[in-house]
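Next come the chains, spelled out residue by residue.
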Amino acid sequence: MNKQEALYNYTLRLADDTLIIGHRVSEWCGKGPILEEDIALTNISLDLIGQATLLFEYLAEFNEDGKSSDDIAFIRHANEYKNVLLCEQPNGDFGQTIVRQFLYSSFAQIFYRELMKSKDAKLAAIAEKSLKEVKYHVKHSAEWIIRLGDGTEESHKRVEESIDYLWKYKNELFFTDEVDTLMIAEGIAPDMKEFENEYNTFINHILSEATLEIPTHGWEQKGGRTGVHTEHLGFILAELQYMQRAYPNMEW
Amino acid sequence: MTITKENIWELLEDVKDPEVPVLTIVDLGIVRDVVIDNNQVKIVITPTYSGCPAMKEIESDIQKRFVQEGISHVTIETVLSPAWTTDWLSGNGKKKLKEYGIAPPEDEVDKSVLFAKPTVIPCPICDSKNTKMVSQFGSTACKAHYQCKDCLEPFDYFKCLR
Numbered sequence: 001m002n003k004q005e006a007l008y009n010y011t012l013r014l015a016d017d018t019l020i021i022g023h024r025v026s027e028w029c030g031k032g033p034i035l036e037e038d039i040a041l042t043n044i045s046l047d048l049i050g051q052a053t054l055l056f057e058y059l060a061e062f063n064e065d066g067k068s069s070d071d072i073a074f075i076r077h078a079n080e081y082k083n084v085l086l087c088e089q090p091n092g093d094f095g096q097t098i099v100r101q102f103l104y105s106s107f108a109q110i111f112y113r114e115l116m117k118s119k120d121a122k123l124a125a126i127a128e129k130s131l132k133e134v135k136y137h138v139k140h141s142a143e144w145i146i147r148l149g150d151g152t153e154e155s156h157k158r159v160e161e162s163i164d165y166l167w168k169y170k171n172e173l174f175f176t177d178e179v180d181t182l183m184i185a186e187g188i189a190p191d192m193k194e195f196e197n198e199y200n201t202f203i204n205h206i207l208s209e210a211t212l213e214i215p216t217h218g219w220e221q222k223g224g225r226t227g228v229h230t231e232h233l234g235f236i237l238a239e240l241q242y243m244q245r246a247y248p249n250m251e252w
Numbered sequence: 001m002t003i004t005k006e007n008i009w010e011l012l013e014d015v016k017d018p019e020v021p022v023l024t025i026v027d028l029g030i031v032r033d034v035v036i037d038n039n040q041v042k043i044v045i046t047p048t049y050s051g052c053p054a055m056k057e058i059e060s061d062i063q064k065r066f067v068q069e070g071i072s073h074v075t076i077e078t079v080l081s082p083a084w085t086t087d088w089l090s091g092n093g094k095k096k097l098k099e100y101g102i103a104p105p106e107d108e109v110d111k112s113v114l115f116a117k118p119t120v121i122p123c124p125i126c127d128s129k130n131t132k133m134v135s136q137f138g139s140t141a142c143k144a145h146y147q148c149k150d151c152l153e154p155f156d157y158f159k160c161l162r
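In order, the protein sequences belong to chains D and P.
Residue numbering for the first sequence follows the numbering used here, beginning at 1 and increasing consecutively.
Residue numbering for the second sequence follows the numbering used here, beginning at 1 and increasing consecutively.
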């Protein structure tokens, strides 16, 4: 794998993470538990899809077979999507969506802060832009974790179950293979292994604050980075790709 | 006619932000540069938020305004870095926002401090400081939702982005 191929793959992973979790959060539009949260989740989703757009537009500049950013974003098979499994997990109840967002955004906040130092000017610029938005996402989700965990017996129980369910997916955020190794060596990507402790310390701090139990099992579920997904991705793609599959090349 | 940079900036002052029409795109601070090279005009803009749905409309509004003046050779370039911050909102822009009923951005506490006392945002209607944040996310990506506890009026706060 040469540097250009690694950069393409590296960027595609980030683009897929933001697109898929952004789409997931957008499913709340019109269904939020209260109006303010409906608006909050929709705005967070707008930020994430916006970040995805910047990344897919960058991918289009690589000009792989003349594909546009929309072609890359929408016309691929499930095993060609490289998002981490966490991003595609279902919304569940409001608490589960918040836990998923908390685990993802807490990572993204550290990640973008480090990616800003990238030798790739475009990725550094996207990171700079995204970081400002992600700070709000972390604050929003962390405050809700505390409110729900330290809330009623029912909210505590539900959010604890969501943590238990999603915990196995969080370590894939730190997945590293030859793509990352090459990008780290080139000074394009941060070595996120160095920040795993910072991430876990932050997560654990918030969970303790929320009086929630921190899972002790170390079971990890991975696969998204290599294109092996949970059954949920196919359903997302069926909805996401419907228009382009039914009416190829349509625009509006 | 020779076009000067001053002419271009004046024309840009006529282009409104589609979501907060009381502000021009110059007030908002999203016009980063104007370059004239051999009668070719290039305008450099930056988005407020990466998912800002108004960017395409702003580009087309800029083009329309220039076409009205018979200037058709305008290119628009979008840059991401340095990323937009509310510090670029002009003093005049802040004044206009308040008059429009939107509280302008205030300096705010570090976002990493959870449950920190939110910054006091004065009510744009009655100037009372007795207000509360209803939600960090308002009617658009750039706004939060507040309510005044004195005049009871709900209002938008143009939130600080740094």
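Note that these hints are calculated values from the structure, not bench results.
Certain hints may be false.
[As the list claims (entries may be wrong)] Below, a sample of chain D positions facing chain P; criterion: calculated Cβ distance under 8 Å:
#1 Ile39
#2 Leu46
#3 Asp47
#4 Gln51
#5 Thr201
#6 Ile203
#7 Glu213
#8 Ile214
[Unchecked claim] Here are the computed lysine-lysine pairs in the DSS-like style, where the Cα-Cα straight-line distance is at most 27 Å:
#9 D/Lys132 <-> P/Lys16
#10 D/Lys139 <-> P/Lys16
#11 P/Lys94 <-> D/Lys132
#12 D/Lys132 <-> P/Lys98
#13 D/Lys135 <-> P/Lys132
#14 D/Lys135 <-> P/Lys42
#15 D/Lys132 <-> P/Lys95
#16 D/Lys135 <-> D/Lys122
#17 D/Lys139 <-> P/Lys94
#18 P/Lys42 <-> P/Lys56
#19 P/Lys95 <-> D/Lys67
#20 D/Lys139 <-> P/Lys42
#21 P/Lys98 <-> D/Lys157
#22 D/Lys132 <-> P/Lys132
#23 D/Lys132 <-> P/Lys56
#24 P/Lys129 <-> D/Lys135
#25 D/Lys31 <-> P/Lys132
[To be verified] To list a few chain D residues with every Cβ distance to chain P over 12 Å, as calculated:
#26 Asn9
#27 Asp70
#28 Phe175
#29 Thr181
No residue lacks a Cβ here, since even glycine has one placed at the ideal position from N, Cα and C.
Okay, the hints, checked on the actual structure:
Checking D/Ile39 against chain P by beta carbon gives a least distance of about 5 Å; that is within 8 Å, so the hint holds. Using the Cβ-Cβ criterion of 8 Å, the hint placing D/Leu46 at the interface with chain P is satisfied: the shortest such distance is roughly 4 Å. Interface restraint check for D/Asp47: the shortest CB-CB distance to chain P comes to about 5 Å, inside 8 Å, so the restraint holds. The restraint placing D/Gln51 at the interface with chain P holds, with a minimum CB-CB distance near 5 Å, inside the 8 Å limit.
Taking 8 Å as the C-beta cut-off, the interface hint given for D/Thr201 is violated, the closest approach to chain P being about 13 Å. For D/Ile203, the suggested interface contact is broken, since its CB lies about 13 Å from the closest CB of chain P, more than 8 Å. Hint on D/Glu213 is violated. Least Cβ distance to chain P is approximately 20 Å, over the 8 Å limit. Because the smallest distance between the Cβ of D/Ile214 and any Cβ of chain P comes to about 17 Å, over 8 Å, the interface hint for this residue is violated.
Proposed proximity of D/Lys132 and P/Lys16 is supported: the alpha carbons are some 24 Å apart, at most 27 Å. Restraint check for D/Lys139 and P/Lys16: the C-alpha separation of about 31 Å exceeds 27 Å, so the hint is violated. Proposed proximity of P/Lys94 and D/Lys132 is supported: the alpha carbons are some 21 Å apart, at most 27 Å. Annotation: proposed proximity of D/Lys132 to P/Lys98 holds, straight-line Cα distance about 24 Å (limit 27 Å).
Restraint check for D/Lys135 and P/Lys132: satisfied, since their Cα atoms lie roughly 21 Å apart, inside the 27 Å limit. Annotation: proposed proximity of D/Lys135 to P/Lys42 is violated, straight-line Cα distance about 33 Å (limit 27 Å). At most 27 Å may separate the alpha-carbon atoms for a hinted pair to count; D/Lys132 and P/Lys95 meet this at roughly 24 Å. Restraint check: the Cα-Cα separation between D/Lys135 and D/Lys122 comes to about 20 Å, which is no more than 27 Å; the hinted pair holds.
Taking the CA atoms of D/Lys139 and P/Lys94, the gap is about 26 Å. The hint holds against a cut of 27 Å. Using a Cα cut-off of 27 Å, the hinted pair P/Lys42 and P/Lys56 holds, with the two alpha carbons roughly 16 Å apart. The hinted pair formed by P/Lys95 and D/Lys67 fails the criterion: a straight-line CA distance of about 46 Å is larger than 27 Å. Of the pairs offered as hints, the one joining D/Lys139 and P/Lys42 is violated, with about 38 Å between alpha carbons and a cut-off of 27 Å exceeded.
This hinted pair does not check out: P/Lys98 and D/Lys157 have alpha carbons roughly 44 Å apart, beyond 27 Å. The hinted pair formed by D/Lys132 and P/Lys132 meets the criterion: a straight-line CA distance of about 23 Å does not exceed 27 Å. This hinted pair checks out: D/Lys132 and P/Lys56 have alpha carbons roughly 22 Å apart, not beyond 27 Å. Restraint check for P/Lys129 and D/Lys135: the C-alpha separation of about 26 Å stays at or below 27 Å, so the hint holds.
At most 27 Å may separate the alpha-carbon atoms for a hinted pair to count; D/Lys31 and P/Lys132 meet this at roughly 25 Å. With a cut of 12 Å on Cβ distances, D/Asn9 stays outside the contact zone with chain P, its closest approach being about 22 Å. The Cβ of D/Asp70 lies farther than 12 Å from every Cβ of chain P, with a closest approach of about 14 Å, so its non-interface assignment holds. Every beta carbon of chain P lies more than 12 Å from that of D/Phe175, the smallest distance being close to 24 Å; the non-interface claim holds.
No Cβ of chain P approaches the Cβ of D/Thr181 within 12 Å, the least distance being about 27 Å, so the stated non-interface status holds.
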